[in-house]
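Visitor: Just so you know, the sequences run in chain order A and B. In this text, residue positions in the first sequence follow the UniProt record's numbering: the first is 1, and each later residue adds one. In this text, residue positions in the second sequence follow the UniProt record's numbering: the first is 1, and each later residue adds one.
Everything labelled a hint here was simulated from the structure, so no lab data went into it. Take these hints with a grain of salt, some might be off.
Below are the DMTMM-like pairs computed for lysine to aspartate or glutamate, each with C-alpha atoms no more than 20 Å apart in a straight line [said to hold, decoys possible]: (1) B/K52 <-> A/D59; (2) A/K69 <-> A/D129; (3) A/K79 <-> B/D101; (4) B/K79 <-> A/D101; (5) B/K69 <-> B/D107; (6) A/K155 <-> A/D59; (7) B/K79 <-> A/D95; (8) A/K52 <-> B/D179; (9) B/K69 <-> B/E35; (10) A/K79 <-> A/D59; (11) A/K69 <-> A/D53; (12) B/K69 <-> B/D101; (13) A/K69 <-> A/D101; (14) B/K79 <-> B/D101; (15) A/K69 <-> A/E35; (16) B/K52 <-> B/E171; (17) A/K79 <-> B/D95.
Here are the simulated distance ranges between beta carbons [said to hold, decoys possible]: (18) A/E171 <-> B/A23: 14 to 24 Å; (19) A/D129 <-> B/S19: 33 to 43 Å; (20) A/E12 <-> B/A5: 18 to 28 Å; (21) A/D26 <-> B/P91: 39 to 49 Å; (22) A/P154 <-> B/T88: 53 to 63 Å; (23) A/D129 <-> B/E126: 40 to 50 Å.
From the three backbone atoms N, C-alpha and C, an ideal C-beta is built for every residue, glycine too.
2 protein chains.
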Amino acid sequence: MTSRAYIRDGAEIYRRSFSIIRAEADLSGFSGTAERVVVRMIHACGMTDLPKDVELSPDFADAAEAALKRGAPILCDAKMVANGITRTRLPAENDVICTLDDQRVPDLARQHGNTRSAAALELWRERLDGALVVVGNAPTALFHLLDMLDAGAPKPAAVIGIPVGFIGAAESKEALAQDRRVPYLVVHGRRGGSAMAAAAVNALANPVE
Amino acid sequence: MTSRAYIRDGAEIYRRSFSIIRAEADLSGFSGTAERVVVRMIHACGMTDLPKDVELSPDFADAAEAALKRGAPILCDAKMVANGITRTRLPAENDVICTLDDQRVPDLARQHGNTRSAAALELWRERLDGALVVVGNAPTALFHLLDMLDAGAPKPAAVIGIPVGFIGAAESKEALAQDRRVPYLVVHGRRGGSAMAAAAVNALANPVE
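Please work from the sequences and hints to get the whole structure.
Guide: So this is what it looks like as structure tokens:
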């Protein structure tokens, strides 16, 4: 019925994709869960040179996996991140939360003199303790998280900090990596984004590739 | 109240980001709406070398802008694409449609022997005529769109074809660019994704940066 020749089997597409990634990418700096996370992030962006910019703290993979297994909520800075997380992969029907559209956010943003993305984190406070935080879009959200921790906010179990862009992205990820209060995963430089961030969560949530 | 120095004004962040992009990226191959689209795609991915892989048909920008202005629906292959489209930028409260979660899709996928992403396009048929199609995730969706056109499906006004990845992504975008039946925008190679695809729509929808 169709004339074009292409692979139509989703599982086979995944298998071949992951095989190409492992053949081409230099994954020597990563093992176990961390390797799986980096492979899936590469899968999400199509770039096998990503590993050179990826940095995880030694405790990140265990902390993030354990948090998900015990049912920690996943706090996302952007709806695209939340939407990219495959619910059926989550080990404990974890809540996936994005507060950006909460009606209190515009007022909070004015009050804090910050972006809506940063202000939305103020509504995370009661879920922050032991949570998995995922920043896949806004550098201001990642900076504000660090400011909240400075001010005594509860500590998340781990932070995926992969905002993308030209203003503050590289600096906010550098700040997270140097902070050392929480286990972290970053992609240094300008690259990042919601797809990579969601991919990292999907890899942490479930070993199935 | 906070100790870190970073830009907290969203409008200023946009201004400076777009200014850096225009200073660094080689945009000589693009003008008018097309230039605006490419700049916003770069903004979404953080990579100023993107233009070398971007190809638009000469009729793409006008066709896509006109379609949006006359209220054409925006048909998206992935929820992340749909979610990345800023509704307030749309000129005619255009419907943003993603049929991937429709309960008929798993059966259609079995029936067509294809991925769910491709099968979901079968549910676009009655909205396809004159629509803006946005494929930001699945190469199989873009291939299947071309197969549907071969089989006589109504023609969309324009197609944004930016699937990402290692299996079929480059080939499906090449096939769209060589097809010539519909105005197109592609990013050649493996790069692409929902953020870039949504950014292209957001630029086409509204000239405000």
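Visitor: All the hints need checking, so say for each whether the structure fits it.
Guide: Hint check:
no.	hint	in the structure
1	B/K52 <-> A/D59	39 Å, violated
2	A/K69 <-> A/D129	15 Å, holds
3	A/K79 <-> B/D101	17 Å, holds
4	B/K79 <-> A/D101	17 Å, holds
5	B/K69 <-> B/D107	35 Å, violated
6	A/K155 <-> A/D59	15 Å, holds
7	B/K79 <-> A/D95	18 Å, holds
8	A/K52 <-> B/D179	37 Å, violated
9	B/K69 <-> B/E35	19 Å, holds
10	A/K79 <-> A/D59	27 Å, violated
11	A/K69 <-> A/D53	28 Å, violated
12	B/K69 <-> B/D101	27 Å, violated
13	A/K69 <-> A/D101	27 Å, violated
14	B/K79 <-> B/D101	9 Å, holds
15	A/K69 <-> A/E35	19 Å, holds
16	B/K52 <-> B/E171	17 Å, holds
17	A/K79 <-> B/D95	18 Å, holds
18	A/E171 <-> B/A23: 14 to 24 Å	18 Å, holds
19	A/D129 <-> B/S19: 33 to 43 Å	40 Å, holds
20	A/E12 <-> B/A5: 18 to 28 Å	50 Å, violated
21	A/D26 <-> B/P91: 39 to 49 Å	46 Å, holds
22	A/P154 <-> B/T88: 53 to 63 Å	34 Å, violated
23	A/D129 <-> B/E126: 40 to 50 Å	49 Å, holds
In this structure, the earlier hints numbered 1, 5, 8, 10, 11, 12, 13, 20 and 22 are contradicted, and the remaining ones agree with it.
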